[in-house]
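S.K.: Chain residues, written in single-letter form:
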Amino acid sequence: MTALAPHPDRLFPADPGERALARRLHSSVADAPIYSPHGHVDARMLLDDEPFPDPAALLITPDHYVTRMLHAVGVPLDELGLSRPGAAPTASGRSIWRRLCENWDAFLGTPVRFWFESEFSEVFGLTEQPSAANADALYDQLAETLARPEFRPRALFDRFRIAVLATTDDPADDLAAHLALRDDPTFTGRVLPTFRADRYMHPDEPTWRGRLSALGESAGVDTSSYEGLLAALRARRQAFIAAGGTATDTGVIDAGSEPLTTAEASRIHRAALDGSLTAAEAVAYRRNMLYRLAEMASEDGLVMQLHPGVIRNHHRPTFDAFGPDTGHDLPAVGAFTAPLTPILRDFGTDPTFRLVLFTVDETTFSREIAPLAGFYPSVYAGAPWWFLDTPAAILRYRQAITDSAGFTKTSGFIDDTRAFCSIPARHDMSRRVDASYLSSLVVSHQLTEEDAFTIAGRLVSDIPRSTFRLG
Amino acid sequence: MTALAPHPDRLFPADPGERALARRLHSSVADAPIYSPHGHVDARMLLDDEPFPDPAALLITPDHYVTRMLHAVGVPLDELGLSRPGAAPTASGRSIWRRLCENWDAFLGTPVRFWFESEFSEVFGLTEQPSAANADALYDQLAETLARPEFRPRALFDRFRIAVLATTDDPADDLAAHLALRDDPTFTGRVLPTFRADRYMHPDEPTWRGRLSALGESAGVDTSSYEGLLAALRARRQAFIAAGGTATDTGVIDAGSEPLTTAEASRIHRAALDGSLTAAEAVAYRRNMLYRLAEMASEDGLVMQLHPGVIRNHHRPTFDAFGPDTGHDLPAVGAFTAPLTPILRDFGTDPTFRLVLFTVDETTFSREIAPLAGFYPSVYAGAPWWFLDTPAAILRYRQAITDSAGFTKTSGFIDDTRAFCSIPARHDMSRRVDASYLSSLVVSHQLTEEDAFTIAGRLVSDIPRSTFRLG
Amino acid sequence: MTALAPHPDRLFPADPGERALARRLHSSVADAPIYSPHGHVDARMLLDDEPFPDPAALLITPDHYVTRMLHAVGVPLDELGLSRPGAAPTASGRSIWRRLCENWDAFLGTPVRFWFESEFSEVFGLTEQPSAANADALYDQLAETLARPEFRPRALFDRFRIAVLATTDDPADDLAAHLALRDDPTFTGRVLPTFRADRYMHPDEPTWRGRLSALGESAGVDTSSYEGLLAALRARRQAFIAAGGTATDTGVIDAGSEPLTTAEASRIHRAALDGSLTAAEAVAYRRNMLYRLAEMASEDGLVMQLHPGVIRNHHRPTFDAFGPDTGHDLPAVGAFTAPLTPILRDFGTDPTFRLVLFTVDETTFSREIAPLAGFYPSVYAGAPWWFLDTPAAILRYRQAITDSAGFTKTSGFIDDTRAFCSIPARHDMSRRVDASYLSSLVVSHQLTEEDAFTIAGRLVSDIPRSTFRLG
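Line by line, the protein sequences are chains L, E and S.
Numbering of the first sequence is given in the numbering used here, commencing with residue 1 and proceeding in unit increments.
Numbering of the second sequence is given in the numbering used here, commencing with residue 1 and proceeding in unit increments.
Numbering of the third sequence is given in the numbering used here, commencing with residue 1 and proceeding in unit increments.
Derived from the structure by calculation, the hints contain no laboratory data.
Please read these numbers as outputs of a predicted model, since none were measured by experiment.
Check the hints yourself; a few may be wrong.
Unchecked claim - One side of the interface only, derived from the structure: several residues of chain S facing chain E at Cβ under 10 Å: (1) F107; (2) L330; (3) A392.
As the list claims (entries may be wrong) - Label-pair distances were calculated between CB atoms; the ranges are: (4) S:A5 x E:S27: 21 to 31 Å; (5) L:D9 x S:A5: 35 to 45 Å; (6) S:S95 x E:D274: 56 to 66 Å; (7) E:A180 x S:G323: 49 to 59 Å.
Heads up, the beta-carbon is just placed ideally off N, CA and C, and yes, glycines get one too.
Please model the complete structure; the sequences and the hints are all you need to start from.
M.R.: Here it is, written out as structure tokens:
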């Protein structure tokens, strides 16, 4: 067996002077509360506070970072617990866990392994690296651990020192779990909904019409017209604000934002309901909706998060078999400056408007995102996300963004995860890399030590709180 | 108060051996004369040699690197002294300076702060970091300093050891300031005009017709025809050469260079004058003009600088209020290899022709610029420019360019600045980063120490002199 | 004279701890056999085993990495031995060699200089850096050396410890040299053909019709129809497999892979033969052919190598004078994810299918190649290639690829060279950079030392053998 013992100096620079300072910078924020303003944990999990299911269902099956890599080295997705939406999985938790252990080497050098090592060691107390030989023993140990009361969601929420956890929610969601949590005197955490209206922007999707109806019911507004849809979205944004929400989130294939006249948008809306929508109209409608969401954000002050440029469901046979979010969403070429012209022309200097830009194409760091954030008061450079949420890419982000946007126009870290137990490890990775970056600036005399400590503290506290208007 | 004391080892590598060598490499060139073959200082400033105006008008208002970042953190541009072109600014110099001091932290980690710290300390002798508390005192100190005779432009020109300073000038400019400076026995500096004909390439711009007339008058050539325009440009290039010019500069949205027949270009020229120009014709005309500028360069040997790919005046309301060059020119996706095919096919191996390529999209470093400079004898890799004139980006430039283009096919540093007092700091940053890069090559045994010293010297002297044909 | 003495620690990191470990990691694989699964050496050279011709004809003229850089600093290509295809060169070997020596400084900091220094020192025993002064003496020394029996191709093949050498071959090639080598009891090396069908994919090229006939003869199949062409390619793939081939190679301007119906492809095939082909049809035909090659790979298991995105013969006058492969093939913008959708939809999870992706646009490392290799079991991230086969770019490759694809989904190093004597130096560069990268992961506690040694070994052995199905 090989010991599992994450080193206290992991991710710090090699140079002894840089390392010593990085260690001190990290220490100063290592135990700071976690602001998680963007993620995919389910509020109901915290409301119900039930014990987690088996280790595989907690740690592997729902985490497409993990399943995609196992799939890449030859493990079929059904052996990892995936199934046609609604159908029961065929693989047992134990056999799923074995697949991970057998292929543990495939993760060498990857952030998934970093997160898992931290999480296994620091959250669950494992002391051995997973392997084919110890797979069953570790599974038993994890299963026993998860059954203990101190491993229920709320206990972990407290232990993780989560100050704010934002979820991602459909506008039609009644937010019952959020409201119940807020009103539950036994829970003192802060769990906020995030308004994500993607599904109402794509009139070419077969589910659009049904979504409209559900939204209309939720908002108490007739959404059969375009203006009705806008009114319903506005109403639901107010409901999200009432439930504590401070932000929205939008994922689109491109950031095009050309507005349409109400007449033209209404005409396309009707065409979509009539079944006579063209592909070009669907694109124009979607881009107008992005503009309208920005317009609403300039009215109500919800922070607008935008992450364009992801090709969803690249492998059609996998989508047909297992549904979305199964590891084959892939980055497209990113673009912000040109497509966002209409939004930034009209709202870019509006103090109520705030736009956080995320990318999976790192060429946009120095070419688009930092220059935009370095001029427009409304624009913030979102933390490295998804494929770029890695030690090497976080460092490249800082090296490319700071030049034109400094630190104050960056968003602060977001974990974007549905893997609840990985949250501390993910924030810790970010804190370690930022400490290393700051240390390198101090050692090369680009920053004083005092300023470095100040920035390290702000990056985990003031900056996310201010960017996401968390109060 | 916090001390302002730029460290002598700033920007050097962390490793002690690398740092010691970087320090020695830098020392060997730290006092070398400055060749500034591309910039935006006004020759008349040196001719008149008047005391500089107040600190804000010298250091803040005209420098869009500075104003853009302050705007990004919420300072309105009119509070920084910007005003509608021709109108008087409403903010006092003192209040503008206060805005900088209050927001000094926004620049932490940015090259603007590096330049300012060097400049404040080494040029103006400040000893405190700016802050809200000391803003007025520092303002008074700077104002007094600027009133002293040794802070007049010519005295600083000498103190900065500027060997050559190239300005940027319209072809219709009579170059009176340059000629007067050349003929002034009390000024021994070398100030060269650079021919920038952008305004004659865009027949769709409302000012084009007026520019044509002015150029025609300046050249003594009727520019109402396309062939007249070409003749006028050729005449003015000769005038620039007579005034000491060695180079031209061109900024276009893309590097397309497909030539037109004279008949077709003439037809479009007439259409523009008639008001019947189409958008496609304007593009074709502009690309043909780029080709013609290259053709002229192959005839008269003026070095052709090209920096395509900047979206000018992204925020229309700011442009309407404050005019151009106000911080919202933004990088576009760069492309050289395909669009320059016509120019390189016809002039790429012509020994009279020389083309220096600049980019604000660093993806072109290894993909386009270095491969082009590594085959075509006429092509040089321009120094990292604008958003990329930063310690981290200069290092990335060297790491990406050297592989395919070595050192001899790079242009040498250009400061591209209108901030006269920042020139030494900008060149020093470049020298420090190059010393660090060369040191890293020596320590990893990719270069001998002797070769590193030779290259360090050539980068600040032979290379810019040879690239820009400075004699 | 300056000593030529490549340092044993070259390319290792500066930090002493990192360097010591990198040295040990490199030592563990420095003498490992070379797997060269992709290159351009001629099998007949090994079959004939004649002494190499003069030094220039071996080291300079055929190596466009070398001639391009000399051309870039002003040496005309005919002075480097290039001539119109079929015509005799006009420059003597000695004068060609002098051009290299006179311009030796142009290569400072480049990988070409690294390879040459290693090769000159370790293969040929030179002890002085080339210079104008010693050019003739070095030439004489090299010429004498090449005349010795231990410098014949087979002796060097053994001395270089080449375990497998793959060549690149036209499907119409009779593979006589490969078969003769295989059946030669005096040669124990393994030399494999690689099937490269590019010439049959471009019906718009003037040579296409002639190529079809030659292929038809070679395969014994009538290729005047589209289906005949497919049958001939299938037959020749079997012949390559019979001769030991395990892989194919394809270079196309883009990775578009939309299939056509047989009827449509047949119609275009006939149009090409009739001379009525349109440009759009040629593109559609080529993309369909890429799909068909993938389909064949899913049937016969030949590993499909793909390197799209190179603009061939950028400088038309040089092409007209000297033919192809003369240094002005240049990188285009890369794209994989969208254009490969049809191939990956249909074969991406097929265990018989394997696709190795190479790029000359490094923006695709983190944006496309690693995410694809991190989901599709069939996809491998090809080693950094051509302009990116450099110490700095190999490091960037690892830093960008490992995050999403780990080590096991990378291809292992390929040298892609026609410069036989540079093979050990090229593999050594890769091994040194990988050792440095692994060392940095260990020192920052992202990898255990034990795992680093395991990976270092696998990268030069199991990984190329497994990726290229070498058994």
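S.K.: The structure should be examined with respect to each hint, and the outcome stated for every one.
M.R.: Each hint, compared with the structure:
1. F107: With a minimum Cβ separation of about 6 Å from chain E (threshold 10 Å), the hint on F107 of chain S holds.
2. L330: At 5 Å from the nearest chain E Cβ, L330 of chain S passes the 10 Å test, so the hint holds.
3. A392: holds, 4 Å
4. S:A5 x E:S27: 21 to 31 Å: holds, 27 Å
5. L:D9 x S:A5: 35 to 45 Å: About 37 Å separates the Cβ atoms of D9 of chain L and A5 of chain S, which means 35 to 45 Å holds.
6. S:S95 x E:D274: 56 to 66 Å: Once the Cβ atoms are compared, 60 Å apart, the range 56 to 66 Å for D274 of chain E and S95 of chain S holds.
7. E:A180 x S:G323: 49 to 59 Å: holds, 56 Å
When held up to the earlier numbered hints, the structure conflicts with none and fits them all.
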